[in-house]
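Taking the hints into account, I'd like the entire structure generated from these sequences.
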Amino acid sequence: MSADRLVFLLNRFRERLWIKPLIVCLLSIAAVFAAKIADTSGFANLAPIVTAGSIESLLKVMASSMLVIATFAVGSMVSAYATASGTATPRAFRLVVADDVSQNALSTFIGAFIFSLVALTAVMNDFFARAGRFSIFVLTLLVFGVVIFTFVRWVDRIARLGRLETAIEKVESATANAMRQRQRAPRLCGVACDEGSGDGQPIYSDDVGYVQHVDMAALQACAQSVGARLVLVADPGTFVAPGQALVHIRPSRKGNAAIDAGAVRKAFMIGAERYFDNDPRFGLIVLSEIAGRALSPGINDPGTAIGIIGAVVRLLVLWSQAPGPEQGDSADQPSYDRIEVPVLSVHDMFDDAFTSIGRDGAPMVDVSLRLQKSLASLAMLPDPVMRQAAARHARMALARCESAMSLPLDLERVRHAAAFAQAPAAN
Numbered sequence: 001m002s003a004d005r006l007v008f009l010l011n012r013f014r015e016r017l018w019i020k021p022l023i024v025c026l027l028s029i030a031a032v033f034a035a036k037i038a039d040t041s042g043f044a045n046l047a048p049i050v051t052a053g054s055i056e057s058l059l060k061v062m063a064s065s066m067l068v069i070a071t072f073a074v075g076s077m078v079s080a081y082a083t084a085s086g087t088a089t090p091r092a093f094r095l096v097v098a099d100d101v102s103q104n105a106l107s108t109f110i111g112a113f114i115f116s117l118v119a120l121t122a123v124m125n126d127f128f129a130r131a132g133r134f135s136i137f138v139l140t141l142l143v144f145g146v147v148i149f150t151f152v153r154w155v156d157r158i159a160r161l162g163r164l165e166t167a168i169e170k171v172e173s174a175t176a177n178a179m180r181q182r183q184r185a186p187r188l189c190g191v192a193c194d195e196g197s198g199d200g201q202p203i204y205s206d207d208v209g210y211v212q213h214v215d216m217a218a219l220q221a222c223a224q225s226v227g228a229r230l231v232l233v234a235d236p237g238t239f240v241a242p243g244q245a246l247v248h249i250r251p252s253r254k255g256n257a258a259i260d261a262g263a264v265r266k267a268f269m270i271g272a273e274r275y276f277d278n279d280p281r282f283g284l285i286v287l288s289e290i291a292g293r294a295l296s297p298g299i300n301d302p303g304t305a306i307g308i309i310g311a312v313v314r315l316l317v318l319w320s321q322a323p324g325p326e327q328g329d330s331a332d333q334p335s336y337d338r339i340e341v342p343v344l345s346v347h348d349m350f351d352d353a354f355t356s357i358g359r360d361g362a363p364m365v366d367v368s369l370r371l372q373k374s375l376a377s378l379a380m381l382p383d384p385v386m387r388q389a390a391a392r393h394a395r396m397a398l399a400r401c402e403s404a405m406s407l408p409l410d411l412e413r414v415r416h417a418a419a420f421a422q423a424p425a426a427n
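Numbering of the sequence shown is given in the numbering used here, commencing with residue 1 and proceeding in unit increments.
Quick caveat, the hints were computed from the structure, so don't treat them as lab data.
You may find that some hints are simply not true.
Claimed, not checked - Ranges between beta-carbon positions, derived for each pair:
#1 D206 / Q388: 49 to 55 Å
#2 K36 / L9: 35 to 41 Å
#3 S41 / A272: 51 to 57 Å
#4 I19 / A399: 45 to 51 Å
#5 Q388 / R163: 34 to 40 Å
#6 T51 / A272: 56 to 62 Å
#7 P90 / D348: 18 to 24 Å
#8 D100 / S345: 22 to 28 Å
#9 D100 / L26: 31 to 37 Å
#10 V7 / S345: 22 to 28 Å
Since we're looking at a predicted model, the values are computed, not measured.
Backbone N, C-alpha and C define an ideal beta-carbon position, used for all residues, glycine too.
Following this line, the structure appears as structure tokens:
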């Protein structure tokens with residue numbers, strides 16, 4: 001298994017609520033038995049005397065309260081998750097679940113409960129001597145302090161976790177991270193496509209779903225074993241089905257043995273859902289969905305849509321700072337010289353980000369003006385492809401406004417804001 005796939009799988013484990021609580025529970029049990037070591041050390045005769053009754057009282061208080069707090073925490077988190085999914089979009093649910101503060105809080109509460117039960121059982125059965133009891137007493141006070149600090153910090157986070165602004169912030173952050181990751185390897189550490197060599201022989205998918213991860217090291221090994229080159233057709237985020245190509249094989253002039261199509265297919269992790277990892281377009285789609293929901297007649301929240309437009313502009317400006325295709329990947333030499341990978345299309349990214357906002361916000365002058373001004377700011381960037389995409393979407397948004405707006409004065413304001421898209425493009 002390659003390092004990239006291992007990181008991808010670890011990120012999926014991070015989204016599971018039970019992983020951290022399980023680890024903390026095991027550490028809690030280990031801490032109780034580790035306290036027994038003090039009885040066999042030189043500290044045994046120097047430790048202060050702590051009665052078993054005082055420790056039992058503390059542990060009983062902790063055991064009874066931690067179970068209640070853990071149950072309350074789970075209920076509050078589930079409520080926040082449901083609110084975030086309902087106000088934003090279900091696609092943001094995984095990001096909210098992966099919130100570190102909430103997971104750490106739940107882990108702390110459950111871990112403290114397990115610690116108190118195991119320690120209480122050990123103390124009541126005289127498992128510890130003088131030094132061991134003192135060690136358990138110190139550990140109990142330490143756990144109390146950690147629980148209080150975690151609870152205070154968690155209350156502030158849970159109050160914000162279900163808010164729409166928090167979901168938008170998390171989606172924007174995840175998209176920015178995916179963009180930075182793709183900036184470091186625009187072609188996934190492969191090489192540029194040779195446009196003059198034709199498509200080659202395709203290898204088709206056997207599954208239906210989205211490409212979640214591509215094991216480039218496995219593809220490189222498959223291509224190298226037969227001396228061929230592979231053209232990646234389905235990069236992360238692509239929807240595939242049987243009969244749709246994953247890669248195209250370009251054999252060398254010397255002729256090649258047949259490539260292992262099964263091994264090539266195994267290099268593609270395909271599932272029913274998309275993930276933010278290595279898929280910047282998915283983040284733009286999720287932001288667009290949130291804006292579309294805000295602009296629906298039942299919600300009618302243009303302010304959220306305007307905020308989403310600002311987030312999208314920040315992300316596209318970040319993307320415009322990526323190295324151009326002619327500069328290759330971040331490394332001096334591509335790691336996978338037999339894999340040809342196309343770069344992400346800026347036009348597709350603009351379609352993902354602005355199409356639904358331009359459609360649903362067309363009747364609203366405030367949203368339409370903000371959209372045109374944002375596209376005008378993107379058109380001022382030095383990237384010529386981004387300028388073309390911004391002008392194209394400005395014209396599309398204006399056309400929708402012309403068919404949706406009823407007040408001529410509002411339409412005239414939007415036309416004035418979109419004037420940059422009608423002017424000849426500057427070189």
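Non-conforming hints, listed in increasing numerical order: Violated hints: 1, 8 and 9; rest satisfied.
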